[in-house]
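K.L.:
Note that the protein sequences, when read in sequence, are chains Z and E. For what it's worth, this note's numbering labels the leading residue of the first sequence as 8, then goes sequentially. For what it's worth, this note's numbering labels the leading residue of the second sequence as 8, then goes sequentially.
Don't take each hint at face value.
The list makes no distinction among identical chains, and a pair is therefore deemed to hold if it is satisfied within one copy or across any two copies.
[Unchecked claim] In the SDA-like style, the derived pairs of lysine to any residue whose C-alpha atoms are separated by at most 25 Å in a straight line are:
hint	residue 1	residue 2
1	324	112
2	326	262
3	113	99
4	252	337
5	347	370
6	113	154
7	210	289
8	314	105
9	208	112
10	326	361
11	324	372
12	302	288
13	252	281
14	113	262
15	240	355
16	240	303
17	230	160
18	230	25
19	191	154
20	191	61
21	324	355
22	46	323
23	132	216
None of these hints come from the bench; they were simulated from the model. Just so it is clear, the structure is predicted and the values come from calculations on it, not from any experiment.
Number of protein chains: 2
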Amino acid sequence: MLRGLSRAIVYTQTGDPTSVLSARTFSLPPPAPGTLNVKLLLAPINPADINVVQGVYPARPSLEALPDSAPTDQLFVAGNEGVAQVTHVASDVAGLNVGDWVIMTKPQSGTWASARQLRLDDVLKIPREAGEVHAATITVNPPTAWNMLNNFVHLNEGDFVVQNGANSAVGQAVIQIAAARGLKTLNFVRNRPDFPDLASKLKALGATEVLTYDDLTDRALVKTIMQDWTAGKGIRLGLNCVGGKDTTNMMRLLGEDAFLVSYGAMSREPLTLPTSPFIFSNLTCTGYWQARWSKTHSREDKESLMKSLVDLIVAGKLKEPEHEILTIGAQDPDEVAAQKVRDIMSKLLKGQYGKKVLLNMESPV
Amino acid sequence: MLRGLSRAIVYTQTGDPTSVLSARTFSLPPPAPGTLNVKLLLAPINPADINVVQGVYPARPSLEALPDSAPTDQLFVAGNEGVAQVTHVASDVAGLNVGDWVIMTKPQSGTWASARQLRLDDVLKIPREAGEVHAATITVNPPTAWNMLNNFVHLNEGDFVVQNGANSAVGQAVIQIAAARGLKTLNFVRNRPDFPDLASKLKALGATEVLTYDDLTDRALVKTIMQDWTAGKGIRLGLNCVGGKDTTNMMRLLGEDAFLVSYGAMSREPLTLPTSPFIFSNLTCTGYWQARWSKTHSREDKESLMKSLVDLIVAGKLKEPEHEILTIGAQDPDEVAAQKVRDIMSKLLKGQYGKKVLLNMESPV
Chain Z
8 MLRGLSRAIV
18 YTQTGDPTSV
28 LSARTFSLPP
38 PAPGTLNVKL
48 LLAPINPADI
58 NVVQGVYPAR
68 PSLEALPDSA
78 PTDQLFVAGN
88 EGVAQVTHVA
98 SDVAGLNVGD
108 WVIMTKPQSG
118 TWASARQLRL
128 DDVLKIPREA
138 GEVHAATITV
148 NPPTAWNMLN
158 NFVHLNEGDF
168 VVQNGANSAV
178 GQAVIQIAAA
188 RGLKTLNFVR
198 NRPDFPDLAS
208 KLKALGATEV
218 LTYDDLTDRA
228 LVKTIMQDWT
238 AGKGIRLGLN
248 CVGGKDTTNM
258 MRLLGEDAFL
268 VSYGAMSREP
278 LTLPTSPFIF
288 SNLTCTGYWQ
298 ARWSKTHSRE
308 DKESLMKSLV
318 DLIVAGKLKE
328 PEHEILTIGA
338 QDPDEVAAQK
348 VRDIMSKLLK
358 GQYGKKVLLN
368 MESPV
Chain E
8 MLRGLSRAIV
18 YTQTGDPTSV
28 LSARTFSLPP
38 PAPGTLNVKL
48 LLAPINPADI
58 NVVQGVYPAR
68 PSLEALPDSA
78 PTDQLFVAGN
88 EGVAQVTHVA
98 SDVAGLNVGD
108 WVIMTKPQSG
118 TWASARQLRL
128 DDVLKIPREA
138 GEVHAATITV
148 NPPTAWNMLN
158 NFVHLNEGDF
168 VVQNGANSAV
178 GQAVIQIAAA
188 RGLKTLNFVR
198 NRPDFPDLAS
208 KLKALGATEV
218 LTYDDLTDRA
228 LVKTIMQDWT
238 AGKGIRLGLN
248 CVGGKDTTNM
258 MRLLGEDAFL
268 VSYGAMSREP
278 LTLPTSPFIF
288 SNLTCTGYWQ
298 ARWSKTHSRE
308 DKESLMKSLV
318 DLIVAGKLKE
328 PEHEILTIGA
338 QDPDEVAAQK
348 VRDIMSKLLK
358 GQYGKKVLLN
368 MESPV
């Protein structure tokens with residue numbers, strides 16, 4: 008094969024994404040033993056990806072040298088998640104063929120690129136029936152929702168799960184996966200002028216109840232939830248991506264032997280929790296991080312989880328996240344490519360962008 | 008047998024222990040089927056016992072009618088823990104003989120009495136070699152320490168455990184049981200004028216290091232603990248009976264996959280914990296309550312734990328708590344008996360009494 012051109016969004020030091028990110032075009036050699044070359048189809052810009060570029064996230068990308076670079080010219084390739092199509096496989100690679108779709112099993116694989124060379128061990132085949140948008144966003148948020156619903160508390164059909172930040176990507180996945188399992192969800196969001204619209208949207212996804220954090224201070228409502236909705240037992244699984252006092256209030260809805268599982272801290276405030284539920288109600292407060300799960304679970308576990316999620320997708324029970332696609336064209340010079348990424352970073356950093364942005368990077372010609 | 012006289016410390020409604028507690032003399036009938044009569048030897052006044060009388064503790068004593076009372080005259084008998092000697096057994100009771108010592112397996116057994124009739128299922132034989140003081144205080148604090156050291160994290164010889172409130176009865180048991188297992192303890196206490204004496208006392212029990220909460224704000228020291236003392240790994244088990252900011256600071260000493268186990272909240276302040284260790288370091292925050300353990304574990308489990316503790320006692324590895332004995336004499340009228348208990352309550356409610364008070368109630372003659 009000829010060496011094809013590729014382009015990646017890279018940085019040599021962490022910092023403000025609107026300034027440290029640049030684009031670099033390089034040539035991709037034929038696959039080395041144990042590797043395959045892929046063309047990236049779509050790669051999301053997740054909030055954590057931005058934190059990685061900022062250098063404030065525990066997962067750091069590995070320094071790498073792109074093929075055309077001088078050996079000393081090491082850099083980071085941005086992007087953690089995405090779906091890619093196999094274009095070439097090394098002769099020793101079995102089980103994957105040209106044209107197959109793959110997703111990344113290795114965190115921080117550097118997916119903000121038009122083409123990459125990846126190790127067979129770092130990818131997993133994904134059926135095309137998943138669809139490009141689903142496949143590009145299937146390795147972080149839906150597994151986080153799935154595992155939080157499954158790995159802490161044994162829940163039976165009809166049991167409630169309570170969560171805050173219910174409009175987040177994970178929150179929406181929780182609503183849908185819970186509904187598919189016959190679980191009820193009690194969903195909390197910030198109060199806002201368009202609350203009825205948001206509540207309708209989440210109910211259309213399968214949310215049982217949608218309330219605001221303000222409702223958590225309504226003692227009569229809390230009593231109704233505890234006594235009537237949960238038959239006096241309280242809720243055994245709480246999911247938190249907010250922190251602060253709204254989470255303290257949400258904790259009051261938990262019953263005996265409950266788990267409060269945190270996967271985010273959007274308020275940037277710590278968790279403040281009374282001690283007595285830990286001692287007398289056997290409350291457990293813990294966290295969930297998909298990257299840790301990936302590191303501590305086998306390829307078989309990952310395949311099994313992906314199969315479960317694809318089944319839900321194919322059955323129409325897990326909808327695509329709301330998204331927009333940002334295309335970096337084949338004709339764009341590197342400077343233009345970099346500016347497009349910096350511009351969208353600038354918008355995303357303002358927060359509440361509402362839609363998932365997916366990069367569609369074409370290889371330079 | 009003749010009906011012997013007994014006296015119990017009782018209350019008909021919860022409230023201020025210096026006013027709601029009274030003493031009542033009653034006659035004890037021969038043991039009913041499945042029961043035994045016992046003479047209480049020693050029964051401690053634990054902080055939780057006071058909270059039960061106050062009505063602010065989740066465990067409530069059961070209403071009972073003492074034998075001489077009118078059927079409508081129901082009351083609570085105070086006291087949860089104690090050691091008693093068997094004086095009579097029902098003819099259908101096997102495995103216990105007159106003269107044997109027993110401890111209570113049922114919480115809130117009403118041990119502040121000179122003699123009681125108890126169900127065989129609610130007691131456990133304890134060898135006399137344990138000694139009266141140990142036997143009277145063996146069902147709450149030492150098992151709490153033992154189970155917190157064993158049931159959450161697998162620790163290897165040489166590993167550190169960190170705790171606050173290290174001078175508490177549980178804290179001292181933690182130090183000794185950990186030392187017997189070859190574990191190191193990092194013990195935090197309030198700063199105080201006699202800190203060197205307290206540190207010496209705890210080190211004599213086997214404490215590896217004794218520091219004050221103020222030391223937790225010393226960044227250089229925290230770095231030394233994390234890097235040198237624990238070889239960069241941090242500590243995997245933290246035990247908390249304090250809460251508040253000192254616990255937030257103590258949490259910084261924990262490493263990956265650590266448990267922070269709370270069994271008290273002496274500061275009366277909530278736990279305030281950043282979210283990131285939960286997500287990225289897999290921190291688990293939970294609680295421990297011996298009454299729950301007792302309710303959810305078998306008689307065999309309890310016997311096995313008691314045997315382990317008695318073995319430590321006999322080996323000289325678990326010392327008696329510092330204590331004083333308050334005797335309610337056989338000749339004391341009920342009013343005098345009640346006043347003695349109210350007076351000691353008044354002193355204990357001021358806090359920091361320092362010694363465990365053990366009731367030695369003689370039956371009225």
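K.L.:
Each hint: holds or not?
P.N.:
Now for the hints, and whether the structure bears them out:
no.	hint	verdict
1	324 to 112	within (24 Å within a copy, 51 Å between copies)
2	326 to 262	neither (31 Å within a copy, 38 Å between copies)
3	113 to 99	within (20 Å within a copy, 67 Å between copies)
4	252 to 337	neither (48 Å within a copy, 55 Å between copies)
5	347 to 370	within (15 Å within a copy, 89 Å between copies)
6	113 to 154	within (18 Å within a copy, 38 Å between copies)
7	210 to 289	neither (32 Å within a copy, 32 Å between copies)
8	314 to 105	within (21 Å within a copy, 66 Å between copies)
9	208 to 112	neither (31 Å within a copy, 54 Å between copies)
10	326 to 361	within (16 Å within a copy, 62 Å between copies)
11	324 to 372	neither (40 Å within a copy, 77 Å between copies)
12	302 to 288	between (32 Å within a copy, 13 Å between copies)
13	252 to 281	both (11 Å within a copy, 13 Å between copies)
14	113 to 262	between (37 Å within a copy, 24 Å between copies)
15	240 to 355	neither (41 Å within a copy, 36 Å between copies)
16	240 to 303	between (34 Å within a copy, 18 Å between copies)
17	230 to 160	within (23 Å within a copy, 36 Å between copies)
18	230 to 25	neither (48 Å within a copy, 34 Å between copies)
19	191 to 154	within (16 Å within a copy, 35 Å between copies)
20	191 to 61	neither (37 Å within a copy, 39 Å between copies)
21	324 to 355	neither (28 Å within a copy, 61 Å between copies)
22	46 to 323	neither (27 Å within a copy, 70 Å between copies)
23	132 to 216	neither (36 Å within a copy, 53 Å between copies)
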